[in-house]
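On the provided structure of chain E, position chain X as indicated by the hints.
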Amino acid sequence: MKLEYIVAIVVLIFAGQFFYGVAANPDSEFGGADGAAGDLVSEISPGYEPAEPWFQQYLFEPPGGETESLLFALQAAFGAIIIGYTIGYYRGKGESNKDTEN
Amino acid sequence: MHIFEGFLPYPWWQAWFAISIPVILYGMYKMNKLVSERREVVPLLAVAGAFIFVLSSLKLPSVTGSSSHPTGTGMAAILFGPAITAVLGVIVLLYQAIFLAHGGITTLGANAASMAIIGPLVAYMFYKAASKAGMNFYMNVFLATAIADWVTYVVTSLQLALAFPSATGGILASFIAFAGVFATTQVPLAILEGALTALIMKYVVQIKSDVLVDLNVLTTTTVAKLKEAMQ
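For the record, the sequence lines run as chains E and X.
All letters in the first sequence, in the order written, are residues 1 to 102 by full-length UniProt numbering.
All letters in the second sequence, in the order written, are residues 1 to 231 by full-length UniProt numbering.
Looking at chain X on its own, in the form it has when it is part of the complex:
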């Protein structure tokens, strides 16, 4: 989903910054507040950030003959909400843009919008809706994070299609072409990311279920049920 440096013309890269910067600033405010009010969540915040670091560094081969990488942002979104996830995601994108020449500075706003904001927002909304509907916790985490991973790449395709509409078919034809590269390649990776996230979340339930209740991720009754199933 990294749009390379220089690959978004004016006014698109500015527009995506205009969307991303307020969310990131709000996320920094929320993160500061959370960390100063609840010291006990700091290790979990570090794990969520580290998970993004690991997953987004793994360039995995897909059945389409291309490689791509998962995002890892779905877990942070479920735990801390999309605003805080935006901050964690931008840290990773900055590292990759500055040290790895992967992504870019002018395209940072657009890459942040897809991977750090819109994907996590979808994960968060899906998770909340499905837990209200009573879906099994691990299934919910799997679906929410897999969908978020995939949506990230759909957004990237849309960003490129908006900036480079096809001369014959317009934005739609362009979108289909970019999605053909990104969205299909991403399907196996999204499924893998969903499964890995569900597993990590199982361990979080095992060791830090009280924090999950504090963060409104789970209710005490669900935690009790999940722990019983582990015995």
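Bound conformation, chain E alone:
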């Protein structure tokens, strides 16, 4: 079977597990596991206060969810452009080499 079909099936199964997850956890907002681990830290070590390092005030923090999603989208778009450009470039180059050989 072609690999593309197998991957398509895996993607469908992934979508399926998501819908099952929604049904099984009706109250969940699907927050990040990173955050859940942070909550777990306060549960295990109730007295622990995350240290605020001196450079924290100089770090940029997205003012809200909108800006954060913009930066995440930029990250993905930037990567996708490079992958698409490079694969397309070589595929085109391969095609034109084939043409000149014939």
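FYI, nobody ran anything at the bench for these hints, they're computed from the structure.
Mixed in with the good hints there might be a few duds.
[Said to hold, decoys possible] Below, simulated DSSO-like cross-link-like pairs (lysine-lysine); rule was C-alpha separation at most 27 Å, straight line: (1) X:Lys227 to E:Lys93; (2) X:Lys128 to E:Lys93; (3) E:Lys2 to X:Lys128; (4) X:Lys202 to E:Lys93; (5) E:Lys98 to X:Lys227; (6) X:Lys225 to E:Lys98; (7) E:Lys2 to E:Lys98; (8) X:Lys227 to X:Lys132; (9) X:Lys33 to X:Lys128; (10) X:Lys59 to X:Lys202; (11) E:Lys2 to X:Lys132; (12) E:Lys2 to X:Lys202; (13) X:Lys227 to E:Lys2; (14) E:Lys2 to X:Lys33; (15) X:Lys202 to X:Lys132; (16) X:Lys132 to X:Lys59; (17) E:Lys98 to X:Lys128.
Source: prediction; values computed, not measured.
Frame of chain E, contents of chain X only:
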């Protein structure tokens, strides 16, 4: 797998930096050498880095009711080895720590150890062992990258457990609790990452198989067999 800023107390964040920094420096040396000796690998290096950028930006929902993200580092590890992958992974972690307040600066060493070093190392070792054993290339890529993705989150759980042992059950009880959050959430994502990586690798075989042979990822006979199967 991002441990947030401030969530690793002394001496843990320093210890993880002590482990990560030498690997990253060695990776920079290896990358410089590779790029100056073989210009033709640069586009593939860019693709491997870009793949980490894309995959680690995708926060995907899991059956457990939490979201997490894949790592994308397995492909780079198979192509260029774990040291160079460490450099690519740290670039992504820095971007997320500085611009997205995702992860952190003091925890960068620990996050680099899990996502950019130990996960890729596992992918690399698995891939090499399984190709020696003659496993099908795509199956091998799928398993190596899926396992690496999952191991990354197991390492994160261990890092947190070491720093925050449970008062009653010690490190082990703590590890089970953190792994309950990370490792279970990650299973569907790891499978998806493995499948996507196998597909991208198929296209790399199609367009740049000569570089794969140069990098010792595949032998000429395997490339010939894989290309024949594509016809």
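How the hints compare with the structure:
no.	hint	verdict
1	X:Lys227 to E:Lys93	holds, 17 Å
2	X:Lys128 to E:Lys93	violated, 30 Å
3	E:Lys2 to X:Lys128	holds, 24 Å
4	X:Lys202 to E:Lys93	holds, 17 Å
5	E:Lys98 to X:Lys227	holds, 15 Å
6	X:Lys225 to E:Lys98	holds, 20 Å
7	E:Lys2 to E:Lys98	holds, 24 Å
8	X:Lys227 to X:Lys132	holds, 20 Å
9	X:Lys33 to X:Lys128	holds, 22 Å
10	X:Lys59 to X:Lys202	holds, 25 Å
11	E:Lys2 to X:Lys132	holds, 24 Å
12	E:Lys2 to X:Lys202	holds, 11 Å
13	X:Lys227 to E:Lys2	holds, 13 Å
14	E:Lys2 to X:Lys33	violated, 37 Å
15	X:Lys202 to X:Lys132	holds, 19 Å
16	X:Lys132 to X:Lys59	violated, 35 Å
17	E:Lys98 to X:Lys128	violated, 33 Å
Checked against the numbered hints above, the structure breaks hints 2, 14, 16, 17 and satisfies the rest.
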